[in-house]
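Peer 1: One-letter residues, chain by chain:
Number of protein chains: 4
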Amino acid sequence: MNTYGDMFRVTVFGESHGRAVGAVVDGCPSNLPLNEEDIQKELNRRKPGQSIFSTPRKEEDKVEILSGIFRGKTTGAPILGLVYNKNMRPKDYEKIKDTPRPGHADLTYKLKYKNYDYRGGGRASGRVTIGHVIGGAIAKKLLSYTYNIKILGYTVKIGKIEGDFSYYKNPEVFENKESLKSLEESIEKSPLRCPSTNSVEMEEYILKAMEEKDSVGGVVEIVALNVPIGVGNPIFNKLNAELARGLMSINAVKGVEVGLGFKSAELYGSEMNDEMYFDEDKNIKFRTNHCGGVLGGISCGTPIVLRIAIKPTPSIGKKQRTINLKTYENVEIEIGGRHDPVIVPRIIPVAEAMVAITLADLMIKSGFIHPCSL
Amino acid sequence: MNTYGDMFRVTVFGESHGRAVGAVVDGCPSNLPLNEEDIQKELNRRKPGQSIFSTPRKEEDKVEILSGIFRGKTTGAPILGLVYNKNMRPKDYEKIKDTPRPGHADLTYKLKYKNYDYRGGGRASGRVTIGHVIGGAIAKKLLSYTYNIKILGYTVKIGKIEGDFSYYKNPEVFENKESLKSLEESIEKSPLRCPSTNSVEMEEYILKAMEEKDSVGGVVEIVALNVPIGVGNPIFNKLNAELARGLMSINAVKGVEVGLGFKSAELYGSEMNDEMYFDEDKNIKFRTNHCGGVLGGISCGTPIVLRIAIKPTPSIGKKQRTINLKTYENVEIEIGGRHDPVIVPRIIPVAEAMVAITLADLMIKSGFIHPCSL
Amino acid sequence: MNTYGDMFRVTVFGESHGRAVGAVVDGCPSNLPLNEEDIQKELNRRKPGQSIFSTPRKEEDKVEILSGIFRGKTTGAPILGLVYNKNMRPKDYEKIKDTPRPGHADLTYKLKYKNYDYRGGGRASGRVTIGHVIGGAIAKKLLSYTYNIKILGYTVKIGKIEGDFSYYKNPEVFENKESLKSLEESIEKSPLRCPSTNSVEMEEYILKAMEEKDSVGGVVEIVALNVPIGVGNPIFNKLNAELARGLMSINAVKGVEVGLGFKSAELYGSEMNDEMYFDEDKNIKFRTNHCGGVLGGISCGTPIVLRIAIKPTPSIGKKQRTINLKTYENVEIEIGGRHDPVIVPRIIPVAEAMVAITLADLMIKSGFIHPCSL
Amino acid sequence: MNTYGDMFRVTVFGESHGRAVGAVVDGCPSNLPLNEEDIQKELNRRKPGQSIFSTPRKEEDKVEILSGIFRGKTTGAPILGLVYNKNMRPKDYEKIKDTPRPGHADLTYKLKYKNYDYRGGGRASGRVTIGHVIGGAIAKKLLSYTYNIKILGYTVKIGKIEGDFSYYKNPEVFENKESLKSLEESIEKSPLRCPSTNSVEMEEYILKAMEEKDSVGGVVEIVALNVPIGVGNPIFNKLNAELARGLMSINAVKGVEVGLGFKSAELYGSEMNDEMYFDEDKNIKFRTNHCGGVLGGISCGTPIVLRIAIKPTPSIGKKQRTINLKTYENVEIEIGGRHDPVIVPRIIPVAEAMVAITLADLMIKSGFIHPCSL
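Respectively, the protein sequence lines represent chains A, B, C and D. So in this note's numbering, the last spot in the first sequence is 378, and the numbers never skip. So in this note's numbering, the last spot in the second sequence is 378, and the numbers never skip. So in this note's numbering, the last spot in the third sequence is 378, and the numbers never skip. So in this note's numbering, the last spot in the fourth sequence is 378, and the numbers never skip.
With the rest of the complex left out, here is chain A (with noise of 0.2 Å):
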């Protein structure tokens, strides 16, 4: 329930006001270099406070390694990556406990397992994913260090302002290694991740909402490159039937796309197809990437190409309806103002980090990655 992966597993744990986060990577083969480093920062990125658009909480999220690792290589045991929480609040939320939030796992947790941590959502918070990208920040390592593979997340669409860059806007952008770089840049400068040219408009649409109270979602982009020909197991363990678990369990995802996506079931098969051909060198070839990256399951040699829907964020300061679980009154909320406006940057490195566990997962499966030892 709280282990992602089956070879290569990760376990989250922790609460968003308990005493620590994070996961226990196990089955990452030994001999992979490994150090803090690699983790925290992946960390930095998904750390709140990095921009006005993200929650004030200040927490460093500083992780400590404190298995699995030899020599500063890893041994093939489980590595556990521990983050302490700082700054906790329990109290701020004493006034919620007994009003589930619209839109918030409050209410499940609440009836499903009756004594709920609600401090912060408690383990439906965010915070959570902490351990998420930890194991992540392990597997890209992993996938880095063996096939070169390289993912990329960023922003498309927040709100109702679509931006204007997008992989099959500008798929020549991740054939090049200089123009992938100065991707790469244009998206951590940005804070929302976001490389499009009109993101400015996007920002002012969020600070629009933010003056209202209110929270918006977006889209997010995901493209994995190098992944080789041959990952995925047909049929209950397909490379995009994984992926599209993966990143439906984070939080706040309510769709996933893989390649075209809903823009297939309005095409014809003969525009749909990616034709094949034979370049100079009797590589084998595809002349389009609608398919995005996955046929019959397996991956085909093409970027690997995914968009995942965000929610607007649930906790609101706007005034809302809901229950009190304990008066069995009709009352009225609003909640206070240490949340995101928007998540969608924040959740782009959790995105990337569920892509990432899952190829190394499946690429142990598939026999690329050995699973003991490199």
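Treat the hints as calculated values from the structure; they're not laboratory data. Among these hints, one or two may not hold up.
Given that identical chains are not distinguished, each listed pair holds provided it fits within a single copy or across any two copies.
Taking lysine-lysine and the DSS-like style, the derived pairs with C-alpha atoms no more than 25 Å apart in a straight line are [stated by the list, open to error]:
1) Lys66 to Lys193
2) Lys154 to Lys212
3) Lys101 to Lys267
4) Lys66 to Lys90
5) Lys323 to Lys289
6) Lys185 to Lys217
7) Lys101 to Lys217
8) Lys77 to Lys101
9) Lys99 to Lys289
10) Lys330 to Lys114
11) Lys267 to Lys164
12) Lys212 to Lys267
13) Lys267 to Lys173
14) Lys99 to Lys286
Place chains B, C and D on chain A using the hints.
Peer 2: Frame of chain A; chains B, C and D shown alone:
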């Protein structure tokens, strides 16, 4: 890899032009009344030849249950459902065996497994979903018997033609027993399984594509009713994540949405959040169902609403460019005409099956259904 | 529950007097030469009626492979091996249906599942192990094809009669190709699968028990040769732990030993430890093999040596006291004579099968055999 | 690989001389009262330095729970139990790093993983079982809270000295609350956890071995009381098979028996079978418990009786022959004295833990304990 589910497990087997296809269903609790007719009626809905829009391959798809039933009820032992293939024409595929069809799994299977049973796509054929439907029929019976759960799939879009019926356009239809029954009837009567009044437009759209030896895709909506509050186990066993995985593991599915899906990304938090209230009997109710029945990965008692994007059938008669893996030449192919110009209506029972199996598995894992005996 | 293995997975199905028994084997890599004869020869070794010491039930146990093979080789898809039951006599069991047989699963199955297929023990019958043997035959072929691994089981004890042949008494027999071949022959020739020179004593012991309408048990030793160093994944996927689980899941097995087993507990460390040395070619060798081929849960290159204790067949003709679940009376029963007075020789192919499946699964998981394609 | 259990899952991590050891326990239902003391008391029983028969390594083994508890009760979220290592002396192991100790995992880990944390055996150290005990303590609490289940382990043999107390010698002790309590006390008082009257003989036996710088093994019996009828899921999830796997995954265990174990092989069916009867209140009873509480892989309501063979500790001061992996020479070693001359008494809490975790997992899977919330 060919097993789906942890506690309610469906293992599918068989090839398009092999001797048989089917499934072993393990983990169905004992004492569920079950007979071959329960399965046959679902297989009939998936069968080829139901309309002019499907392949003319002649298959009775007659299921035999070979184990796990005693005196008309399950025993808790694995249930083998077997369908012998009758209309096998392996020779039809000889000419395409070295020229992978664009948009198909031919290439990836061939490169991954080397010994690829290319006859009719072998293991990658839609025929394999007979196993899914067998598993789904048993899951449906279990869900209906224990919680009166109903799973309903229907077409909401074909190519560029959007239907005028959908859950969000007509939510009231799902609240009333009579209207629900008439909805079901109109679905089953329609060759496209489309209850929209403009479904004739869709049919014309397909006929036109058929004239061009082309194919079309579409969008299917699936609604599950009467799922109790509490199904789904965060973090990585979320109801929506498992459903996404199950649906995305169906061939041709390129996108999955829950609730408002990609539409959510465009809304403000105040628009998206489903407010709660107590009705007169102090039952918890939601004013809207934008979330599609899932909050924090756990069912919240409202209808579960899913949508999947289905790409156009890749097998088309139109000339296409591809490669010859034996001669290393770039070539052209025209695929013979025994294929569905639109697979959407036949995918619906398969999608319902995946939803049913996922729900059965999670309801056992969430403690709603006893794992061993009813 | 009815699936064994994670990467090489065997799902067994069927009842003693149902329509069929068999297995679906998933995860066997493609390109392994395999035909029905490979499986049939193992089933023949398990078949009833091979000697006066086994049940006279007449079953050909003819296997049909219905999927997963193409042009004489595996394709990586699941392999269905099916055996139709022929000699079903459900009526024989009517009189015992309310009086659970002592030492049998009748009572526990009945209480756990309520709807218990009591005919011949139904699902709890030894007949179900046909599925194990099908899975084991494929695993054996895979192990032999890839690493020339050989798995050899034989009786070392019947009742109180200990045989004079065992691995620790005659280790040299296993080092020499000629002596090994002659060992195999003497095993297969013996009705008890016992290569000891005093096996006639054992036969007399059984005959005497048969006269008393009683049954006997015994001890089986299983040796696996040529397993490379490195198989098994600590902490909880240890080679010995998985083997113990596999063997203990065979009906009637009450104890499992690895290497010197319970004898180890009596030794001093200096006696037990297997000292290492380099031979002339600088190969690592062990002076002894007290550990039975496993150190720290990982194979160490020496023969894997296992022993299992098999209790006497519970079905005996002798009068026994039991209960009537319908009348709530204490009663006496005498069970009809169609049962094996000693199940030991027929369990041997099943035990070998479980060892083979366990090894195949772990060798894939440990990276020795490619998970998808040879 | 480092996770045990399917529904109640324990993931262990840490190395002997790394920064910390511990476990994440996932799948414990919410609302179980639990605090650090529940775990600490079990860790104290496993701790080194309890008697002259154990290693003098000084470790407090103080556990911290860092997640999963809220207001003194579990929440259904994963529980992280962490123990920081204090007394690390990595330098002690420098001299043996190239000379694998006979009977140890040094060689197999080194060859399998290459980057082997050899300090104190690293991952292969008994210290790793702190994680097992943390998981076991939570499982014990769950079993005791829900079904009043009690798990009791004790020494029945040390080297060649057989104790005069065992379940089959003294079954009546387990039926009476008073005698059971006094049994428990006598176990905890004994440095060998041996309630036999001749345990002093055993102590002398060990002392003599210590003088020779040698070590001894032994046999432990574990009894589980109050397990209800119906736990265990055939065919491959049998209670006895899972228990065998769990126990065999403890380092140094070379054999496992259920009920009469290897003794069963010597009996006639009429001796072995446990006859049933109705007592005056029409409860089902067994006249004997030769089966050790399991019939057909399912618990039958009688005490579950298990025995494990523990080999002598491989680390001994006596001179031994081995190899130098760096110089390729045959060499001799004498291992420094910080090791347990007998590990048997300290393995007992670990064995109890594995039995408890196995039972907790199977009782959830068999529907006896709700998977999410008590």
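Peer 1: Compare the structure with each hint and give your call.
Peer 2: Consistency of the hints with the structure:
For the identical chains of this complex, Lys66 and Lys193 are intra-copy neighbours only, at 22 Å inside a copy versus 45 Å across copies, given an alpha-carbon limit of 25 Å. Taking the shortest Cα distances, Lys154 and Lys212 never come within 25 Å of each other, neither inside one copy (35 Å) nor across copies (43 Å). For the homomeric pair Lys101 and Lys267, neither the shortest alpha-carbon distance inside one copy (42 Å) nor that between copies (30 Å) is at most 25 Å. In this assembly of identical chains, Lys66 and Lys90 lie within 25 Å of each other by CA distance both inside one copy and across copies; the values are 10 Å within and 22 Å between.
For the identical chains of this complex, Lys323 and Lys289 are inter-copy neighbours only, at 18 Å across copies versus 55 Å inside a copy, given an alpha-carbon limit of 25 Å. In this homomeric assembly, Lys185 and Lys217 never come within 25 Å of each other (Cα to Cα): the closest approach is 37 Å inside a single copy and 43 Å across copies. In this assembly of identical chains, the alpha carbons of Lys101 and Lys217 lie at most 25 Å apart only when taken from the same copy (21 Å versus 61 Å across copies). Taking CA atoms no more than 25 Å apart as the test, Lys77 paired with Lys101 passes between copies only; the shortest distance there is 17 Å, against 45 Å inside one copy.
Taking the closest pair of Cα atoms, Lys99 and Lys289 come within 25 Å of each other only across two copies (22 Å); inside a single copy the shortest separation is 60 Å, beyond that limit. With identical chains, the CA atoms of Lys330 and Lys114 are at most 25 Å apart within one copy only, with a shortest distance of 12 Å there and 45 Å across copies. For a Cα distance limit of 25 Å, the shortest separation of Lys267 from Lys164 qualifies both inside one copy, at 18 Å, and across copies, at 9 Å. Taking identical chains as interchangeable, the C-alpha atoms of Lys212 and Lys267 lie at most 25 Å apart only when they sit on different chains, with a minimum of 20 Å there against 30 Å within one chain.
For the identical chains of this complex, Lys267 and Lys173 are neighbours both inside a copy (14 Å) and across copies (21 Å), given an alpha-carbon limit of 25 Å. In this assembly of identical chains, the alpha carbons of Lys99 and Lys286 lie at most 25 Å apart only when taken from different copies (22 Å versus 67 Å within one copy).
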